[in-house]
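K.L.:
In order, the protein sequences belong to chains A and B.
Okay, so the first sequence: first residue is 1 according to my numbering, each after it adds one.
Okay, so the second sequence: first residue is 1001 according to my numbering, each after it adds one.
Please note that a few of the clues may not be correct.
With a cut-off of at most 30 Å between alpha-carbon atoms, the simulated DSS-like pairs for lysine-lysine come out as follows [as the list claims (entries may be wrong)]:
hint : chain 1 : residue 1 : chain 2 : residue 2
1    : B       : Lys1318   : A       : Lys531
2    : A       : Lys235    : B       : Lys1318
3    : A       : Lys222    : B       : Lys1318
4    : A       : Lys235    : A       : Lys205
5    : A       : Lys487    : B       : Lys1318
Treat the hints as calculated values from the structure; they're not laboratory data.
Bear in mind the structure is a predicted one, so any value in this text is a computation, not a measurement.
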Amino acid sequence: MLPGTPARVLLALLLLAGCRTPAAVPAGSPLEPLPALGVYVPEAADRAARDVAAAALGAGPQEVRAAQALLLALDRQRRESGEAPTGLAPAALELEAVTRADPLARRAATRELLERDDLAPETRRRIQQELEDDPLRLADRRLADARRARFARRFNAIAEPVGRSLLSTALAPYRLGRALLTVVAQRHLEEPISVPERQALAHWKRYVEAHPSTPEAARLVKRIEKLQGRWYSLKRERNLQAAQAAFRRDDPALALVLADRVLRYAPEDREATLLRERAAARLARLRADRRRSLEASERPPPDAVDARARGLALALLDPRGDVAGAARRLRDAGVEAPLAEAGEFAQALALAETGAEAEAWKILAGLARRDPEHSHMARHAEALVERPAQNPLRAFGEARRAERRRRSAWLLLGPLAEPRQRELPAPLAWSLGAFSLVEVVAGLPMRLLRLPFAPRTDEAVAVHARHYLALHPRGQQAEGVRSWLVKYEIDRGNAIAAHRLAAEAGADARELTRLEEQAAEQMLETALRQKRPDVRAALLRQAASTHPQTEAGRRAGTRLRQELEEATTQRIRISRGFLLENPEVAGPAGLGLRAELLDGEPRNGELHPEGVLLLGGRTLEFALLEVDTDPDAAPRRVRRRVSEERLARIVSQLEEATLRNALLDPDAVFEPDADRDLFFERARFGLADRPDLRATAQSSYAFRGMRERYGLVRRRESILPVELVIQGSFPDLGLGAFPRVPLPRPTPDAILYR
Amino acid sequence: MTIGTAWIHTGACRRPEGSSPAAMLRPVSALIAALALAACAGTRDPDPRFRPTRSVLEVVTVLRRHVPDDTYRFEPARDFTDRNVYRASLMRLESLERVHADALRAGHLDGVIAFAKGRALERLRAFDLAAASYRRAAQQEETLRDEGLRSAALCDALDEAARLGWEPERPTAEGPEPVPAPGDPTAAQAEYERRLALLETLGREAAGSHYAALVQEEIERADVARARFFLARRRIDPEGDVRAVAELQRVATRHRESKDRNRHLLALGDLYAALATEYVETRPTESLRFDPPAFQDLVDSAARLYEVVANQDGTPEKLEASRRLEAFLAFTLRVDRDRFSP
């Protein structure tokens, strides 16, 4: 043993014990008293600033300039005497600029402000943003976006195969050939006008409407006409394609409407005129056919004097009639075809009503297959057999087979299974298809592996299954259909529906218990996702009362009780990280938090990372680190009621800080929240004492620091025009590196141009 | 069409003009082709599926297939021409009666036709005409007498109920002038309640027969008429908006099984959307009278209802609801983000 070791051990133990000393929660309030404000005596600069503001609000530019001159002179004097300037000059100059009547002169004067070196960074950014909101500048940007997107698509289409061929040159000709064809196809499918170009068109129009007499407007009119022509051309193209598709689908009514629409954009368009004529002719024929079907045949009805036919008709209409017997008698009597077929149809009805669905459909299917040239009942039977509304079981089977065919086609043909793009010329489409063959063959093993996880499109199958069960809850096939539906609902995560169906089907108790637990869990998860507390509470109550015997149901009940006990009108959070990054909010001009709560020293008490909660009214809740200094541990909560003045200061500082951050840092997004803003508005007016108890008035907004949001190192957008991509491909086992030009991001208003 | 014409027709359609190898025969070929093209255009074979009706039994069999249909829960069936099967059956029976008056003169099928017409008419809400048809059938056909008289009595009662309460779109016997809305909502409500009581009594009588679905449909119609009455009055009555919402909610809740349930939800969603629009019109978003939580409440309600319908696979209302939701959310873009944040 080393000399002095016991002493060292003792020292170490003491130090450790020191580290384990609980963080002391500060005695008394976590807030400092508000600093008292002395009486402020305005100086000459204050009075001059007041005069500038008053002139801007009530007088004209001349008066503003006069008042502004005095303020600028005061600033000059201060500089000459070695004092700091007032800092009010940029604001006065901006005020003068915005009072100018001519918008272009106003914009030019505002732009001049940017040349000054005494602008605060946030003011500079705000002015820049205002100047950027210029229709001409925005139009230029959108046009640049359109050019960049076109170039990027073509460049990327070529760069990728070249980059992937550097390591394995064997497939280079194939990849390049395919890439070139893709570029040709892209060129062919390109619309006459893109979304960014339409945005530019809208900006130009806005400018011309606002400044019709400027020289720029005169120049823009021609460009607007040209771009507008391309926009009409796009509308013509889209409507014509839709009209042709409708005509191919044998929907002449829609084709007619769409062809008419094309002619509104392009009068005398030959293709549309021809299509319109053909659609109109087909529609007229269809209408004539439909009218004819309501008429009576010229030949006398065979049942006019036939007693057996009359017998069947009476049996069919009489609720106690023996339809099966009458149909059999008619069929056995060897009557002529129209009556015999009606007998067969009636026999199928009688069978269906006794529950013999399969036999009934078999007879009807046989009738439906007959040549309509010789059978009058075939059309009626066909309508029953083929309409999903009448025969949902058949539709269910057909839809399942279609889904199986789709999956098999995807497995065997890969991308070739997708329907061919009709807009592409056939040689181009087939050439692209031929190039895909390598991918089809090479990708087969991978598709085989992915098959169990491939997305299913069973919605149509489920619709028919539900319809069948609604029509025939105890039908011959109800059990099988219901089992399929239970599995479908489980697979798509809808345990609530699966449990209901399984209960209807009388599933065994263990299965029902398992499904019920899942259903309750789903209800609980849905409830917890709700932002509105009233909706959340209602769903929690439903989960707890519908499934009280499940674990999730019990948790829902506990959560509901907890929410009701802890309910507050607001839950606006200011995190510790935010307070550290924005000391003016935490400081005496804002929250007035005791400095030791943010000094990182747990011994004198420390704010928990959760920070401070605004609970509505004038109540704040402080989360403080508990005995354990672990920041992940649950905090000790202290509530304090603050003065109206302090609350007003807090919300004002919060808004100022977040707006300033948003101006200076593009990542510091200040998300909109109307309820937060309403609470802040009321707090500033001194109305917080009358809390708004409506559920829709609650905000749970969180003011979080940038480090909390993005971590220590934020991902920055590359300043390079290209990004380097390293990509592997399973289908052809290729690996490559290539440059890629990123596509411009759609602007938030792009949604208005869809 | 004769066989010869058919041959020219098909041959000419396959061989276009100018394809003849013998140049000297070109004018003749052209003439034949032109004639054939004219034949193609003029004598196209009609589709045999749309042939006129051949027999009364054909119509009665098809109609009988759809008599038990629950038209309250499911859409009425359509025939092979995509027409409402009851309307198509009625029209076909009338065509047969008109065209073959002589052949049917013996009266052998009069009772059958009258009864079948009654079954079709009652589904088209022509209860008075249906009752008359049933009575004629009861007189003419002993087998159908009991059922005919019972059906006639039910149709009379349904007709009586259908005439109670204000419905602006109801055709009137008095003339084309619309009936003015009653000024007193209490009296109007009493009329609707009388109608409902009558229908509920009928429902008990009709239990187990196809009339149960008809009575349910009439109850639904009465509820909708009542809701529409209060919807029309919402701007003049105190608390009219609240009453209109309550009435539409009542319809949606009482008729969850109806085929029109999605329409009821859409109507309620439309009302909330209209209230939200009116709210913004009467209290501009920048004004101090604009109350964000109240507006949020209206938007949430409209959007939730539209979403519910937009999630119903396989229904036409799905498309309608999703487009309406999109349009409604586009309207909310007008509202400043600090007054409404979706």
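K.L.:
Could you work out which of the previously given hints the structure breaks and list their numbers from low to high?
P.N.:
Hint 3 contradicted; others consistent.
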